[in-house]
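The residues making up each chain are set out below.
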Amino acid sequence: QKEVEQNSGPLSVPEGAIASLNCTYSDRGSQSFFWYRQYSGKSPELIMFIYSNGDKEDGRFTAQLNKASQYVSLLIRDSQPSDSATYLCAADTGFQKLVFGTGTRLLVSP
Amino acid sequence: GAGVSQSPRYKVAKRGQDVALRCDPISGHVSLFWYQQALGQGPEFLTYFQNEAQLDKSGLPSDRFFAERPEGSVSTLKIQRTQQEDSAVYLCASSLAGGPYEQFFGPGTRLTVL
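Those protein sequence lines, which keep their order, are chains X and W.
Residue numbering for the first sequence follows this note's numbering, beginning at 246 and increasing consecutively.
Residue numbering for the second sequence follows this note's numbering, beginning at -2 and increasing consecutively.
Next up, chain X with everything else stripped away, as it sits in the complex (with noise of 0.2 Å):
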């Protein structure tokens, strides 16, 4: 087992809709959270980081993080073509040491 889990998807969603992209990570001593966005062909770029427990907003995305069941989540409101790439969730297992889950990869369609 992953300590990050992911479906790899793809996740379809019409454009304007809510995108809810799930996390699960097997190491409770996980403190913090990332939620990165990679473009194909491209290096991976930080959307938001999440470390307490409860929901964090930045815009359109919200990311969600439920210690006691060790789930993450992150929200894209009003999704647009140009959100679609693959999303990948870290947890930072210490030492700013990041594992990382396969990606969850989004597909908005106008």
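A hint or two may mislead.
Claimed, not checked - No more than 27 Å apart at the CA atoms, straight line, and that leaves these computed lysine-lysine pairs for DSSO-like:
#1 X/K312 / X/K287
#2 W/K75 / W/K54
#3 W/K75 / W/K11
#4 X/K287 / W/K8
#5 X/K342 / X/K287
#6 W/K8 / W/K54
#7 X/K342 / W/K75
#8 X/K312 / X/K301
#9 W/K75 / W/K8
#10 X/K287 / W/K75
#11 X/K287 / W/K11
#12 W/K54 / W/K11
#13 W/K11 / X/K342
#14 X/K287 / W/K54
#15 X/K301 / X/K342
Hints are computed from structural coordinates only; laboratory data are not their basis.
Quick caveat, the model's predicted, so the values are computed rather than measured.
Mind docking chain W on chain X? Use the hints.
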């Protein structure tokens, strides 16, 4: 300022050759990381430096892999006697020290071993 840069961007090596991949982190970033990303997978941690000290090399897949950062800035990842399974994108990232700071990724080096 400039982001993380990596060179070469693409490298083709014959099986058995040695390769060296270079990373220039963002100026002032203390922490530097190397990741390996296979096609369709997320990045896999290889090693981590804080300044010139290699604090974690638990992800290096074999003793053919070696990384250094002698002056605490530029880093080189060396792979000796390359094998086909080494084919991947090698990503370098840098960050400020401590806390859940953002790791900024470079564009990566795509290594193909024939």
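Here is what the structure says about each hint:
1. Note on X/K312 and X/K287: the hinted pairing is violated, with a Cα-Cα distance of about 31 Å set against a maximum of 27 Å.
2. Distance hint between W/K75 and W/K54 is fulfilled; the C-alpha atoms sit about 13 Å from each other, no more than 27 Å.
3. A threshold of 27 Å between alpha carbons decides the hint, and for W/K75 with W/K11 the separation of about 15 Å falls inside it, so the pair holds.
4. Of the pairs offered as hints, the one joining X/K287 and W/K8 holds, with about 16 Å between alpha carbons and a cut-off of 27 Å not exceeded.
5. About 21 Å separates the Cα atoms of X/K342 and X/K287, which keeps this hinted pair within 27 Å; it holds.
6. For the proposed pair W/K8 and W/K54, the alpha carbon gap of about 23 Å is at most 27 Å, so the pair holds.
7. Taken as a hint, the X/K342 and W/K75 pair is honoured in the structure, with Cα atoms around 20 Å apart against an allowance of 27 Å.
8. For a cut-off of 27 Å, the pair hint linking X/K312 to X/K301 stands: about 14 Å separates their Cα positions.
9. Annotation: proposed proximity of W/K75 to W/K8 holds, straight-line Cα distance about 13 Å (limit 27 Å).
10. With a C-alpha separation of about 22 Å, the suggested pairing of X/K287 with W/K75 holds against the 27 Å cut-off.
11. Annotation: proposed proximity of X/K287 to W/K11 holds, straight-line Cα distance about 25 Å (limit 27 Å).
12. Restraint check for W/K54 and W/K11: the C-alpha separation of about 26 Å stays at or below 27 Å, so the hint holds.
13. With a C-alpha separation of about 31 Å, the suggested pairing of W/K11 with X/K342 is violated against the 27 Å cut-off.
14. Among the hinted pairs, X/K287 with W/K54 is consistent with the structure: their alpha-carbon atoms are about 25 Å apart, no more than 27 Å.
15. Between X/K301 and X/K342 the CA atoms are separated by roughly 22 Å; this keeps the pair inside 27 Å, and the hint holds.
Consistency note: the structure conflicts with the earlier hints numbered 1, 13.
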